[in-house]
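Asker: So the sequences go chain by chain: A and B. Number 116 in the working numbering belongs to position 116 of the first sequence; there are no gaps in the numbering. Position in the second sequence counted from 1, then plus 1000, gives you the working numbering.
Among the clues, some could well be false.
As the list claims (entries may be wrong) - A few chain A residues facing chain B, derived, Cβ under 7 Å:
#, residue
1, 26
2, 93
3, 117
4, 130
5, 134
6, 164
7, 174
8, 179
9, 181
10, 182
11, 248
12, 250
13, 272
14, 297
By construction, these hints were calculated from the structure, which means they are not laboratory data. Bear in mind the structure is a predicted one, so any value in this text is a computation, not a measurement. The C-beta atom is built at its ideal place from N, Cα and C for all residues, glycine as well.
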Amino acid sequence: MTILVIAEHDQNALKRATYHTVTAAASMSSDVDLLVFNPQVSTEAAKISGIKHVLVVDEKNYAHQLAENVAPLVSELAKQYTHVLAPATTFGKNILPRAAALTDMAMISDVIKIISPDTFLRPIYAGNALATVQSHEAIQFLTVRSTGFAAATQNQSATAEIKALDILIPNTLSQFEGEEIHISARPELTAARIIVAGGRGLKSLENFKLLEKLADTLGAALGASRAAVDAGFAPNDYQVGQTGKVVAPDLYIAIGISGAIQHLAGMKDSKVIVAINNDPDAPIFQVADYGLVADLFTSLQELQLELDKR
Amino acid sequence: MKVLVAVKRVIDFKTHIRIKADQTGVETANVKMSMNPFDEIAVEEAVRLKEQGIATEIIVVSIGSNACQETLRSALAMGADRAILIQTEEKIQPLAAAKIFKALAEKEMPRLIILGKQAIDDDNNQTGQMLAGLLQWPQGTFVSKVEVLQDKVKVTREIDGGLEMLSLTMPAVITTDLRLNEPRFISLPNIVQAKRKTIDIIPLTEFKVDTKPRLQILKVTPPEKRKSGVKVNSVAELVQKLKDEAQVLS
Ligand SMILES: Cc1cc2nc3c(=O)[nH]c(=O)nc-3n(C[C@H](O)[C@H](O)[C@H](O)COP(=O)(O)OP(=O)(O)OC[C@H]3O[C@@H](n4cnc5c(N)ncnc54)[C@H](O)[C@@H]3O)c2cc1C
Ligand SMILES: Nc1ncnc2c1ncn2[C@@H]1O[C@H](COP(=O)(O)O)[C@@H](O)[C@H]1O
């Protein structure tokens, strides 16, 4: 078995999700190659344990990794592999189905467990059911959830061979016009050890900001329910849930979130869940390890005081 | 310009699902079914394009059993012009759905195809991307804003780090995210009017595409249940428990 992992990275560094995807690949084979789109990140990539080759393409041609030429590139490379894996992020989900279709292969999304090299476990119905899926395709295209696999480690003595590829596929169909990336000093949502998440119960943008101080005290990332994002309290990339990000931190503190199944889908695998809500019947309490039935505004103040005491 | 919109019939998002005892799947008999919420957003966007004078005809299409006619009727009531049911009793996987939509697109020649970003039953999030690939059209996935210019469509995409703006040369495929729009409420007169619109029923077998399932679902099982937790009486107790019992705070 030979496996290709599609790396997700920015100009400077690999995204954490890439490390988790490598672990999934390495659990099936010791023949794992990593595709990167920028020589800048190839040194970092070569140091990941379990990688054999780092394949590098010319960044100018694949800038912003648009699907229109990255997918044909992946489809072309795929022919030499038994598996092609990408993180189950908006990046991986954009690219991989297109690449699979170009190869005339089915694909399996959001793999959380590898049962055998052709059989995988994945959540369906917002995580309310788990499907065991078997594929007899010649090439398995999979997106992998970070929450299902530990991160691969850096190994200073590991040196994968770096290979430059000169496959040039033009893109005349789409054009990058700009981006608004939310830069924050806080940890990334999907990599954070602690997450403080707010819902509609916060009632306003100003109130949502009350969570920032708490998050900073805890060294936590901020998350939100869809209702909070829709109401404009938080940016879209804060959304946790079936259709937002899937997270599994050590501690998830849900404040003013009711716990709709679509929200639970994104956080119910957290190690410890805390819920603060003034409605004792809120469904979030069914998954919370520690529930506090109280007004969130008073609780927030008390919590801050209590933590400042430490 | 013509706009094609895919609508899938799924278990209503508010319904608690039941897994069949024999683990073959999820119970769908006698369960409330609705249009996939992302597809409702797709239909709404198409209708708005028509109201702006950009779209001239909206064709909604569903692949599935005769029951999907109900879903198509809702889309017609929202403002679509005509509907196509590609009739089959088989369960159609994303690659097969994409091939069927491709065949239909080659016949209908739309300038824009709008799909949901994911169907909330299988949560695959694949069909739009596969369709765009097969057609060799550009794709705008997870879209929260659409602006049609001459021969291009500008889209804003919701990505993990924020937003990304792309310009796509039409014809193009778009998949919708939640914040693209808020679907309208369907009024009674619209429902009545929709009854006069046509639904063409085409048997799947008329499309010469390979729809054989590539993936086997070996079993469907419930996820592990979380142990039920405790209620704490105060913030002080909460913090103490997080430190001493759960050991997630130092
Ligand atoms: C297709 C689809 C996909 C979806 N995807 C997602 C998703 O990915 N993520 C997601 O989160 N949602 C998603 N949703 C939406 C989901 O169904 C819920 O509507 C949403 O999660 C509700 O957000 P909320 O809990 O913040 O708001 P609400 O349900 O309104 O809950 C607010 C809570 O705050 C509490 N509260 C109010 N005031 C106070 C106070 N002073 N003190 C303490 N508590 C207070 C209330 O008791 C209530 O429980 C999706 C929906 C659909 C249809
Ligand atoms: N059987 C179907 N009938 C109509 N539309 C479908 C069907 N399957 C998938 N789609 C469309 O493809 C989108 C993505 O589905 P999926 O890739 O299954 O998550 C849906 O939101 C629909 O717009």
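Asker: A separate judgement is required for each hint: does it hold in the structure or not?
Answerer: Hint by hint, here is what the structure shows:
Among the interface hints, the one on residue 26(A) is violated; its C-beta lies about 23 Å from the nearest C-beta in chain B, farther than the 7 Å criterion. Among the interface hints, the one on residue 93(A) holds; its C-beta lies about 5 Å from the nearest C-beta in chain B, closer than the 7 Å criterion. Look at residue 117(A): its Cβ only gets to about 14 Å from chain B, farther than 7 Å, so that hint breaks. The criterion of a C-beta within 7 Å of any C-beta in chain B is met by residue 130(A), whose closest approach is roughly 5 Å, and the hint holds.
Annotation: interface hint on residue 134(A) holds; nearest CB of chain B at approximately 5 Å, less than 7 Å. Against a cut-off of 7 Å between C-beta atoms, the interface hint on residue 164(A) is violated, since the closest Cβ of chain B lies about 26 Å away. Proximity of residue 174(A) to chain B holds as hinted, the smallest CB-CB distance being about 4 Å (cut-off 7 Å). For residue 179(A), the interface hint holds, since its Cβ comes within 7 Å of a Cβ in chain B; the closest pair sits about 5 Å apart.
Below 7 Å, beta-carbon pairs count as interface contacts, and residue 181(A) has one with chain B at about 4 Å; its hint therefore holds. Because the closest C-beta pair between residue 182(A) and chain B is about 5 Å apart, less than 7 Å, the hint holds. Annotation: residue 248(A) was flagged as interfacial toward chain B, and the flag is violated, the nearest CB pair being 12 Å apart, outside 7 Å. Taking 7 Å as the C-beta contact cut-off toward chain B, the hint placing residue 250(A) at the interface holds, the least distance being around 5 Å.
At a threshold of 7 Å, the smallest CB-CB gap from residue 272(A) to chain B is about 5 Å, leaving the interface hint in force. This hint is violated: residue 297(A) has a C-beta 12 Å from the nearest C-beta of chain B, more than the 7 Å allowed.
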